[in-house]
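*Asks:* Here's the letter readout for the chains.
Protein chains: 2
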Amino acid sequence: MSKAITARSQDYSQWYNDLVLKAELADYSAVRGCMVIKPYGFALWENMRDALDKMFKDTGHVNAYFPLFVPKSLFEAEEKNAEGFAKECAIVTHYRLKADPTQKGKLIVDPEAKLEEELVVRPTSEAIIWNTYKNWIQSYRDLPILVNQWANVVRWEMRTRLFLRTAEFLWQEGHTAHATKEEALVETKKMLDVYADFVENWMAVPVIKGVKTANERFAGAEDTYCIEALMQDGKALQAGTSHFLGQNFAKAFDVKFSDKENKLDYVWATSWGVSTRLIGALVMAHSDDEGLILPPKIAPLQVVIVPIYKGEEQKAAIDAKVNEIVVQLKKAGIRVKYDDSDQARPGWKFAEYEMKGVPLRLALGARDLEQGVVELARRDTREKKSMPLEGITEVILAQLDAIQKNLFDRARQYRDEHITPANNWEEFVNLLDTKGGFIAAHWDGTPETEEAIKEKTKATIRCIPLDTAPEQGVCVLTGKPSTQRVLFARAY
Amino acid sequence: MSKAITARSQDYSQWYNDLVLKAELADYSAVRGCMVIKPYGFALWENMRDALDKMFKDTGHVNAYFPLFVPKSLFEAEEKNAEGFAKECAIVTHYRLKADPTQKGKLIVDPEAKLEEELVVRPTSEAIIWNTYKNWIQSYRDLPILVNQWANVVRWEMRTRLFLRTAEFLWQEGHTAHATKEEALVETKKMLDVYADFVENWMAVPVIKGVKTANERFAGAEDTYCIEALMQDGKALQAGTSHFLGQNFAKAFDVKFSDKENKLDYVWATSWGVSTRLIGALVMAHSDDEGLILPPKIAPLQVVIVPIYKGEEQKAAIDAKVNEIVVQLKKAGIRVKYDDSDQARPGWKFAEYEMKGVPLRLALGARDLEQGVVELARRDTREKKSMPLEGITEVILAQLDAIQKNLFDRARQYRDEHITPANNWEEFVNLLDTKGGFIAAHWDGTPETEEAIKEKTKATIRCIPLDTAPEQGVCVLTGKPSTQRVLFARAY
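Protein chains in written order, with the working numbering: chain A, 38 to 529; chain B, 38 to 529.
Don't read these hints as lab results, they were simulated from the structure. Note that this is a predicted model, so its numbers are computed, not measured. Be aware that one or more of the hints could be misleading.
Remember, identical chains collapse to one label, so a pair may be satisfied in a single copy or spanning two.
[To be verified] Taking lysine-lysine and the DSS-like style, the derived pairs with C-alpha atoms no more than 30 Å apart in a straight line are: (1) LYS227 / LYS374; (2) LYS495 / LYS422; (3) LYS227 / LYS135; (4) LYS374 / LYS495; (5) LYS293 / LYS422; (6) LYS218 / LYS421; (7) LYS141 / LYS151; (8) LYS367 / LYS94; (9) LYS135 / LYS117.
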């Protein structure tokens, strides 16, 4: 197969693009900044979505669906939120096309079909949802509302990258309403934990839980909690956020409830989301120069079996055995494919499934069959070994578990090795330019200093980690006193 | 509960609206013609979607995702398709809002952020998808492509109704590409069969399979196959369509493939879709003046258990028994809820779950417990009977099956009784105005006559049924010769 991709060492960014295209996760489209998610990429997203959806439901949430469009007057109601998203909104202004009188077969926007009020294509749904919750909430008995939505959203980004930053993307957005501040805070943190659980235990990507600084906060939130992951090139990636919205949206949309004492108060809110961006994180956390490496728990295909034979007779004998194995594996819940297509040689198939990151490959030849063995090849370590066919299902289940664990362990080791303290400006800049990763440094707590550091180095405060111990120190830039280290990094 | 709804006999249309709102399937929104699908309605949609999705995958299809927006130049490429949808498109013309200099806190569309080319919010995705397939298809080896997409689409309808006709709706759209006409035709009919199977065996709504006349064909299709259902008010509802697109889109987007002999030819296409409109059909096919009636196979909740007690001691004894039952039922795969909330009386709960269409209700009181029995109430027939607690899981499974079957049987009986032949114009008009339903009548085969009948009576040809025998006759309107009866009806 002629599918070689750029090496990471040569050009990490190009490696990523090559990989996404050649592993057939996604494709460019005719619409600026929008991508096509190809069937293989979408199967991966379905596995991620289904696992997350179950976690949401297990924590008491239900799904619903709200309109794609937000009337401009609702969009602008929560001022900070509106300000944060106004610069990157797709706006619907008309509702009809008509024949172009000057060019046969062409269409023009019908100027007579101008909307009285423009519609914003949702960049996020707080506005339309809180405008709806107003009608759903009268009393404490109507609370909490624990709703999630799987949807497409549009943010008109200037520089886009497949999965990482696209004008349209798929995501889920939870929007909850509570009677008390405490309950809303518990919800915000609970969903951060759900995200961390998912990203670590399904995607095998270790994360740091933290809280964002004011500069990096979601527009309209009181506090933004986040999980931050580290990519192989030493850049950080925000993998999910959970916002404590206070009473901001309740006030903007006048959503009050009467409590048990019949006193009126504004409702407390949270929102939280993860998106198809996670696929970008997954690719960059694990994959190598041969292609994707996928964690077994979410891989569309966990095992592929390739026959190696000469002539029909050998093929028939292998087929018979493999069909037995496939039945056993499927019974054990394993996603398996037997690729006995005669359109490609085994070597080509091997490379193809390596490109696609299938965790385990089995190759079975005539001699293996005689000896009652099969060759297992792990995608993560590229180790091959011959194993007895007898009891192969248990071996495969154990191998899949081992791969899942190994991916997490090696990503965690890399991540842990790339959290480095810096105690002065020179160290800080030097670490950023040589080693990369997270830099644990003191900061004086002001937005101005954060902004100055960003301008000088392109590094941002990824988060104030939840589990950091207080420590006296001085800001790496200004030398002013600080009580805690925060994590800086250059980021996607 | 104060949730009485308008009786069907009084105002069928109002009954429908009341029911959708009060059963909490959907709500109006702040966006013209767009609805909010509430959690209960969305849980129903999830069950429908999951069942359909499995059927698509079992027939070899995979999911993918294509952009929400279609650049105008692509939209207009297939002329008939463009003409069909141009009048009802939401158009994005700008990509930014900015602060209104005249009003603090308000936003206006930034005139400097005008798109060079307008984007159409997809009313259907043939254009964007075939423009993509162009890059995916070179050779017969790339065919067939069997892709489905679950997505939101927008059609700017002037008169909207919850679920039945909304400006934005959720649907799935299959888009397949084939090397031969024959294969595309087989696919078109196969997916029609899948739809019929789903609507009949999951939704318990009988359908008639047929083909549309040229007037009612999908814009850009060579042939549109459909399934037509009958609502309780005698109006028909198109429940799903499967289009044979010929080579129209391949020609519009220049999608050619080389066959085994290395000869270039245009690719053959199909597309097929069903939408959240099906929920409207479901409501109108089965429900009554007390509320929804849902088929067990797709009901979000199949069984609800309500305790009837005085005092804590009785409650505790009932709880203990019900908890056992719930475990058993869940183990049997039944979606069950034990509603032991003390916020409402049993009578209120009974009415609430009737409104929501829960197929089976169990009521368990202290005396029942002593006697080892429980009261079962069927939502479809409203029959109640006392049954032994011993072996109740099997009884419930059998009852759920019986309800599923009964709903289909009675809908089919109603439907069959409402297919009436009309042999002249007077009969035709009379039947439409009195009995309603499908009218099997001869038609001269011309679009003009079809249009004239529509103008006179508001009845349209729902389909030319696939299973009708040829029969000589004369057109009910023009008296011209005809070789087959077609089905007319007023329709949603």
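*Asks:* Against which earlier hints does the structure fall short, listed by number upward?
*Replies:* As far as the earlier hints go, 2, 3, 4, 5 and 6 are violated by this structure, in ascending order.
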